[in-house]
Amino acid sequence: MSVLEINDVTAGYGDAAILRGVSATVNSGELVTVIGPNGSGKSTLMKTVLGLLTPTDGQILFENESIVGNSPETIVRKGISYVPQSSNVFPSLTIRENLEMGAFLRQGDSGPRISEILDLFPDLHGKQKETAGRLSGGQRQMLALARALMLDPNLLLLDEPTAGLAPMMIDSVFERVKEINDSGIAIMLVEQNAKDALSISDRAYVLAAGQNQLEGKGEELLHDPEVARLYLGG
Amino acid sequence: MTSVVELELVVNGLVMGSIIALGAMGLTLLYGNLKFAHIAHGDFMTIAAYLVLFIISVPLSNIGLKAIGLGPFTFGYPLLVALPFAVLIAAFAAVLLDLGVYRRLRNRGSGTVVMAMASLGVAIALRGLVQIIWGGDIQQYPRMSKLFFKLPMDVRIPPDALFIAGIALVVTISLHLLLTKTKIGKAMRATADNVDLARVTGINTEIVILWTWVIGAGLAAVAGVLLAVFQAQLLPIMGWKFLIPLFSAVILGGIGNPYGAFWGAMIVGVSAEVATQWINPSYKPAIAFAILIVVLLLRPRGIFGVRD
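Protein sequences, first through last, are from chains A and B. Once you know that position 178 of the first sequence is 178 in our numbering, the rest is easy, because the numbers rise by one and skip nothing. Once you know that position 4 of the second sequence is 4 in our numbering, the rest is easy, because the numbers rise by one and skip nothing.
Be aware that a few hints might be false.
What the hints assert, rightly or not - The calculated lysine to any residue pairs, modelled on SDA-like cross-linking and capped at a C-alpha distance of 20 Å, are:
id, chain 1, residue 1, chain 2, residue 2
1, B, K183, A, T94
2, A, K129, B, Y259
3, B, K241, B, S271
4, B, K35, B, L210
Unchecked claim - Using C-beta positions, here's what the derived DEER-type ranges look like:
id, chain 1, residue 1, chain 2, residue 2, range
5, A, G14, B, K183, 33 to 39 Å
6, B, R103, A, R106, 47 to 53 Å
7, B, V95, A, T54, 45 to 51 Å
The set of hints was computed from the structure by calculation and includes no laboratory data. Glycine included, every Cβ here is placed at the ideal spot set by N, Cα and C.
Chain A extracted, bound-state conformation (with noise of 0.2 Å):
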């Protein structure tokens, strides 16, 4: 069964619409990857999903659940978070703080849910009072992704997670949202690193100019001539 499905949407920026009837599905428990060139509308679908965008046109359902013209935080509390690109952390909160804005929507103590997480993110562990400002880029992305993961999400977008990072960095965050995936979140990613993001994906879509060009199981977009071409460096 779908936990997203986005039915031939048209959003942008005032009259822009970058985004020209796109369609798209996560179904649970999936890692659904969305690749293409830059400026193909992958980060703009995801800010629509999430309600920063209204579409103009097209549907957009979690769980059979209409979510076009809600707000970012009635999303949030439907069950999707969302990782962007850049600026993901405070940066004059402490890790631990960080955590806990992210629990924002959780009523009483976090503290549970605060240790469970950080068991996931060991990195983080011992630097629980340091300020998210101080960390590497790599560090930042960890804790980007724990801070999503504190509502116990049922969706989480992830904005191209590996952007700028060292290629060790790079390795560590898709181990990291592999794992995520393995315990039974669904996951929809945007990467320009299609190869890497490929190879851990259950499905993909690739966009161009807003539009659906291409769609199939990873593992057959990665050995899809057109696709290796084009998006995958030859």
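Once you have looked at the hints, place chain B on chain A.
What follows is chain B alone, placed relative to chain A:
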């Protein structure tokens, strides 16, 4: 005539700095969360100072509470009774103004200049209101002159200054606890860091903004009353004239950073007082202005502005 900085001026400067700090910490929090310069901040100070004058001289006086000269201080306990009411009224007024004016502009997508101009309008309206109700003449809280305290090293200060420093200290520590120990306080810091991220994290930024008004206006109210006590006079223009030291402290401390604003306020307060050793005291406001310009030229992010 000695070339050593007179300690008494430093102590006075710290007292003035603590009043500036109360105003500046609220102003910087408002800037951080709403992203516009709240030009009516000084006039919130003024209106609170006058509210205390009203509460002391009408309702409290009518029920027979009219003591002056509490202990070593010039004022009586009615001022202490009136202060919390003035704080609450100022906070309530700020929330109403947000709902009636600023929220509408926000929802319309108005930019920072439009918001700042709206607050300039509010500033002028508030000052006009004070002048209509209380007139333009100098007023005073009912007071009784008291002997200065003699501190070690020949420092003499009015006892009221100790009261002011004490209140400012308690309020500052309370603000620190609020910002670091409570959920809404942490959410305020998070929203000041990155409002977009706060929204997509699920933080209800509209509620955070209302709390920021309550705290910002409450702090301004305390600052206004303390200023009226320290200067032993009330004038409709008292808060407006205080804007330059407030903004100097905010910018010196790095915009949006309440801790920076606290230290910035101390620097501005002490510099202005100490400078009177060499220059005419009527140029005091120019010192704050000079600090503002120098910081903007050399370190626009402020001396504590090390955030990314």
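Hint check results:
Between K183(B) and T94(A) the alpha-carbon distance is near 14 Å, which keeps this suggested pair within the 20 Å criterion. Proximity of K129(A) to Y259(B) is assessed by CA-CA distance (about 18 Å); at most 20 Å being required, the pair is judged to hold. This hinted pair checks out: K241(B) and S271(B) have alpha carbons roughly 17 Å apart, not beyond 20 Å. For the given pair, K35(B) sits about 14 Å from L210(B) by alpha-carbon distance, which is consistent with the 20 Å threshold.
Hint check: G14(A) to K183(B), Cβ distance near 36 Å, so the stated range 33 to 39 Å holds. For the pair R103(B) and R106(A), the beta carbons lie near 26 Å from each other, so the given range of 47 to 53 Å is not met. Under the hint 45 to 51 Å, the C-beta atoms of V95(B) and T54(A), about 28 Å apart, miss the expected range.
Checked against the numbered hints given earlier, the structure breaks hints 6, 7 and satisfies all the rest.
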